[in-house]
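Based on the sequences and whatever the hints tell you, model everything.
From first to last, the protein sequence lines stand for chains A and B.
Quick note on numbering: this note's numbering labels position 103 of the first sequence as 103, and the sequence is numbered without any gaps.
Quick note on numbering: this note's numbering labels position 100 of the second sequence as 100, and the sequence is numbered without any gaps.
Treat the hints as calculated values from the structure; they're not laboratory data.
Watch out, some of these pointers could steer you wrong.
[Stated by the list, open to error] Derived pair list, reagent style DSS-like, types lysine-lysine, alpha-carbon separation capped at 25 Å:
1. A:K71 / A:K9
2. B:K5 / A:K57
3. B:K37 / B:K56
4. A:K9 / B:K37
5. B:K5 / B:K37
6. B:K56 / B:K71
Source: prediction; values computed, not measured.
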Amino acid sequence: NAGVTQTPKFQVLKTGQSMTLQCAQDMNHNSMYWYRQDPGMGLRLIYYSASEGTTDKGEVPNGYNVSRLNKREFSLRLESAAPSQTSVYFCASTVGNSNQPQHFGDGTRLSIL
Amino acid sequence: DQQVKQNSPSLSVQEGRISILNCDYTNSMFDYFLWYKKYPAEGPTFLISISSIKDKNEDGRFTVFLNKSAKHLSLHIVPSQPGDSAVYFCAARGWINNNDMRFGAGTRLTVKP
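So, in structure tokens, the structure goes:
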């Protein structure tokens, strides 16, 4: 069972470069999420898609854009990467019911020089 | 502002003993609480949850306790095993927007054989 798959696993960018992080889930989940995790902090929600065709801002959306390509795929784009966006990025999905847990991918470690 | 706080960055216990991980929250609108476990280079995996209408939920060796008046929850692991060594995240979300989940910074548990 693949679950939530994120690509790439690692990436190094230069300041100002653009990048798209990919996420796909095979659990037929309705809702998908992008988080970032920084040292000493918990995961923080960047954007989410409650259902196919919708996207909404989370706690820390600045500098990012998202696309819900179809029910399976939810991508995160950095248009002009900044060193402050160096982080580990996690994608998650859930059925969409209020009391169902989110399932996470293994993360993308992104370094911006 | 950090609405979910885990004030102990680390905890070390002996195999077979009880591990108690603590979490405090500030937002009284939170009504669903979760614990996730994370191994290095992997995504968080769901462990156990509790709704605000309950004060205790058990699943095998894991029990979560919720004290709404104190805005405090705890995770008890009995007996602790070396394989439980990981980072544990507390998370919470509210009924207004159940997509907006907030995480604590995590507690690193080490279980010594």
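Decide if the proposed pair is consistent with the structure: K5 (chain B) and K57 (chain A), CA atoms, cutoff 25 Å inclusive. holds, 22 Å
Would the pair K71 (chain A) and K9 (chain A) pass a check requiring their Cα atoms to be no farther apart than 25 Å? holds, 22 Å
Within a Cα-Cα threshold of 25 Å, do K9 (chain A) and K37 (chain B) meet the stated pairing? Roughly 20 Å separates the two Cα atoms, so the pair holds.
Holds or violated: are the alpha carbons of K37 (chain B) and K56 (chain B) at most 25 Å from each other? Judged against 25 Å, a Cα distance of about 19 Å means the pair holds.
Can the restraint linking K56 (chain B) and K71 (chain B) be considered satisfied, given a maximum Cα separation of 25 Å? holds, 14 Å
Quickly compare the C-alpha distance for K5 (chain B) and K37 (chain B) to 25 Å and report which way the hint goes. holds, 16 Å
The structure is consistent with each of the numbered hints, conforming to all of them.
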